[in-house]
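Visitor: Listed here are the chains, written in short residue letters.
There are 2 protein chains.
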Amino acid sequence: MTLPVIDLPQISKAATPDLVFKAVRDALIAHAEDRTAVPPPMVLDFPASSGDCHVKAGYVEGSPYYTVKIASTFAAVNNGLMLVVDATNGTPAALLADEGKLTAWRTAAAGALITDAMTPPDVDEVAVLGTAEQALLQVLWLRHLRPLRRVKVWGRRPEAVDKLCAAFAQEGLDARPDALDGAACVITTTSARSPLPVEAFRDAVHITGIGTDMPGKGELPPEVFAGAVIATDDHDQCLDHGDYGNAVRAGVVPANADLAVGAVLRDGIDRTRRSVADLTGIGATDAAVAAAVVAVLR
Amino acid sequence: MTLPVIDLPQISKAATPDLVFKAVRDALIAHAEDRTAVPPPMVLDFPASSGDCHVKAGYVEGSPYYTVKIASTFAAVNNGLMLVVDATNGTPAALLADEGKLTAWRTAAAGALITDAMTPPDVDEVAVLGTAEQALLQVLWLRHLRPLRRVKVWGRRPEAVDKLCAAFAQEGLDARPDALDGAACVITTTSARSPLPVEAFRDAVHITGIGTDMPGKGELPPEVFAGAVIATDDHDQCLDHGDYGNAVRAGVVPANADLAVGAVLRDGIDRTRRSVADLTGIGATDAAVAAAVVAVLR
Chain H
4 MTLPVIDLPQ
14 ISKAATPDLV
24 FKAVRDALIA
34 HAEDRTAVPP
44 PMVLDFPASS
54 GDCHVKAGYV
64 EGSPYYTVKI
74 ASTFAAVNNG
84 LMLVVDATNG
94 TPAALLADEG
104 KLTAWRTAAA
114 GALITDAMTP
124 PDVDEVAVLG
134 TAEQALLQVL
144 WLRHLRPLRR
154 VKVWGRRPEA
164 VDKLCAAFAQ
174 EGLDARPDAL
184 DGAACVITTT
194 SARSPLPVEA
204 FRDAVHITGI
214 GTDMPGKGEL
224 PPEVFAGAVI
234 ATDDHDQCLD
244 HGDYGNAVRA
254 GVVPANADLA
264 VGAVLRDGID
274 RTRRSVADLT
284 GIGATDAAVA
294 AAVVAVLR
Chain S
4 MTLPVIDLPQ
14 ISKAATPDLV
24 FKAVRDALIA
34 HAEDRTAVPP
44 PMVLDFPASS
54 GDCHVKAGYV
64 EGSPYYTVKI
74 ASTFAAVNNG
84 LMLVVDATNG
94 TPAALLADEG
104 KLTAWRTAAA
114 GALITDAMTP
124 PDVDEVAVLG
134 TAEQALLQVL
144 WLRHLRPLRR
154 VKVWGRRPEA
164 VDKLCAAFAQ
174 EGLDARPDAL
184 DGAACVITTT
194 SARSPLPVEA
204 FRDAVHITGI
214 GTDMPGKGEL
224 PPEVFAGAVI
234 ATDDHDQCLD
244 HGDYGNAVRA
254 GVVPANADLA
264 VGAVLRDGID
274 RTRRSVADLT
284 GIGATDAAVA
294 AAVVAVLR
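Here the protein sequences come in this chain order: H and S.
Quick note on this note's numbering: the first sequence kicks off at 4 and runs consecutively.
Quick note on this note's numbering: the second sequence kicks off at 4 and runs consecutively.
By construction, these hints were calculated from the structure, which means they are not laboratory data.
The C-beta atom is built at its ideal place from N, Cα and C for all residues, glycine as well.
Don't take every hint at face value.
Quick list of the computed label-pair ranges, beta carbon to beta carbon [stated by the list, open to error]:
1. D243(S) - S53(H): 27 to 35 Å
2. K166(S) - A298(H): 39 to 47 Å
3. P218(S) - A172(H): 53 to 61 Å
Chain H on its own, in the form it takes in the complex (with noise of 0.2 Å):
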């Protein structure tokens, strides 16, 4: 036997964001209308070399694969695999060594999505929050879908907001160091473990968090949440790990106050009330990528 192992340049090639979007999003409706198979995710740690290992599986209905995603972090540095398999024998189909990169597209085609069809077309300034990879391709991903006029950017570290206004300039986005100013649309995507500054959601009309990935994780304060419009990926990993659970915890909103992004995403809802976007990430998603990407390389 032998298996094709397709490198990122082969995948990058085929991953054009409209096949990563329409991935996305039949993957995001499918798992809303409980069309897909999500096993909890499996978490090894390695505190000996600052490392971590999330394991994440995903299947939806009809598709030819099922994939198996591995997906490394050691010292910030994230790595990974997808191994996509055949969805009638078991046969593997192909090994994506896309370096997490099917990952982080995944990410930012969800958030995009969602941020999309809960922010009133009229918005095109964003506010980002955190300054890695995320907060790159959040906002890159949206201006596929939405004009955008101006980024406003907030991290702890001074020299990464710099270098992300700088590479925002060099994609032609007028951006700017001052996201506590705040924004009719924020973007959260940072690895925090207490809510960020509560100013920074002030004249927010919406908020898509996507950092909030694991237990111990939280970035929006509990309190915007209150009266908004919310959508989860995942119900039941939202409550378990999101910012939704966190403010569900805080006694903030009851645990069935939310809609699936699908649902949003298949019906669109009432865009003047106030809402909150919660992506945990689910494996859905990275089964539907790694499943189009295999159909169009064979």
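Place chain S on chain H using the hints.
Guide: Using the frame of chain H, we list chain S on its own:
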């Protein structure tokens, strides 16, 4: 990045019984001493194609690698892959396209090690229940550890029993289809969901059960646990879905009656007492065997 994909012929050459026995023994002892990381396995079901997929991750402290195993079964055919990842930086080291064989061998080695350790030294007759791959392997690997004079085989389908007897005969063993007559050492390797005939265990001084690897399965009549020295490969996992858990729920034994398989291998036991070993399979043994194979091949 290129990733070595190691195929079954290469793996078979590296994974000698000596290597597998040593890796599995060390991993079971490490597991008993809480020096392993083994998150709960993930399961994906594919009812439309009579398939399922089990994903197990494992790490033995101090090993250069951790392992993620994807084992799937479709229409009773097993498949499998092991991804071996550098445990200091998360870089994938190799993909073992082992077609499920490393799992088969580590299961055989774990069973043979504990069967040998708990069965009185003079016993040279075993009864094996079940007729699939592990029925053959449990006996052949046990023969690496002690001489065997006779094998009795029991199964529901006479033609499968005859075929297994012929396979044993080809290996020079005196095999006959009469396992319900009993034997001093009984090994169960079925996927039974209700207890096997109790008369098969009448003369047993030692029983090893390796088939009960998920909720809903159960091979051993609960009463065989009464008064026996009990060893489990993982206390929580065997309580959750092993034969030991079934016996505890039946009220036959308390939930703290078991020794760790690794502790028995390390320290030995009084082999004049009747004993039962319940193996549900642990990811640390996968990791140890895969790491040892990669270490030999690199």
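Visitor: Go ahead and decide if the range 53 to 61 Å is satisfied by the Cβ distance of P218(S) to A172(H).
Guide: Cβ of P218(S) to Cβ of A172(H): about 56 Å, so the range 53 to 61 Å holds.
Visitor: Assuming the hint says 39 to 47 Å, is it satisfied by the Cβ distance from K166(S) to A298(H) or not?
Guide: Holds - the Cβ-Cβ distance for K166(S) and A298(H), about 41 Å, lies within 39 to 47 Å.
Visitor: Falls inside 27 to 35 Å, the C-beta gap from D243(S) to S53(H)?
Guide: Hint holds: Cβ distance 31 Å, inside 27 to 35 Å.
In this structure, none of the earlier numbered hints is contradicted; all agree with it.
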